[in-house]
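Chemist: Kindly generate the complete structure, drawing on both the sequences and the hints.
Heads up, the final residue of the sequence shown is numbered 131 in the working numbering, and it's a clean run with no missing numbers.
Honestly, the hints are just simulated from the structure, not real lab data.
Since this is a predicted model, take the numbers as computed values, not measurements.
Pairwise CB distance ranges, derived in the manner of DEER restraints: (1) Arg95 with Arg54: 18 to 24 Å; (2) Thr114 with Val80: 55 to 61 Å; (3) Ile123 with Pro65: 53 to 59 Å; (4) Glu101 with Pro65: 38 to 44 Å; (5) Leu5 with Pro122: 22 to 28 Å; (6) Asp92 with Ala126: 54 to 60 Å; (7) Ala89 with Pro41: 20 to 26 Å; (8) Pro27 with Pro65: 35 to 41 Å; (9) Leu59 with Arg118: 54 to 60 Å; (10) Ala89 with Pro122: 52 to 58 Å.
Beta carbons: idealized from backbone N, C-alpha and C, even for Gly.
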Amino acid sequence: YKLVARKVRSVPTNMPDLSAQVFKPIHLPTPPPLPIVPPSREDLVYSERLTRERVELILSSIPEGFLRDAEVDLLAYVLIERQMAIAFSDDERGTFNREYFPDYVIPVIEHTPWVRPPIPIPKAIVGDV
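Modeler: Next up, the structure:
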C-alpha cells in the first residue's frame, strides 16, 4: 500500500539530460543461410534447454496440413539453432544488455502536492449517486 503523500504523478516536460538516454547501435552478424534440405526431426541433436518434448509441444500448435513435412523439419531445425531465444520458464529468461539498452531515467519535478476538496453531495441524493 502506498500513502497518498508518496504518490507520484507524471508531468509532461522535456527530458533534462538527453545524453542519459543514448542507445548504441547493435551490430548483428549476417545469419548463416538456411539449409535447402533440412535434417529430419529425428536426426536433430536436442539439448537440456530445448528437449524433444518441448519441440513437439511447439510443433503440436501448428494446425494439421498447414505446413509440409519439410517445412516442419526446417522449423524444428531453426528452433534448435536459435534455442537461446526461447524461454519456457522464468529461470531461462534473459534480460537486455545494459550496454545497448541503458536503464531509463525518469525525471521527477519537485513540487508541493495539493488536492481540491471533494464536492459535497446533498444528503437528499446520496443514495442515488
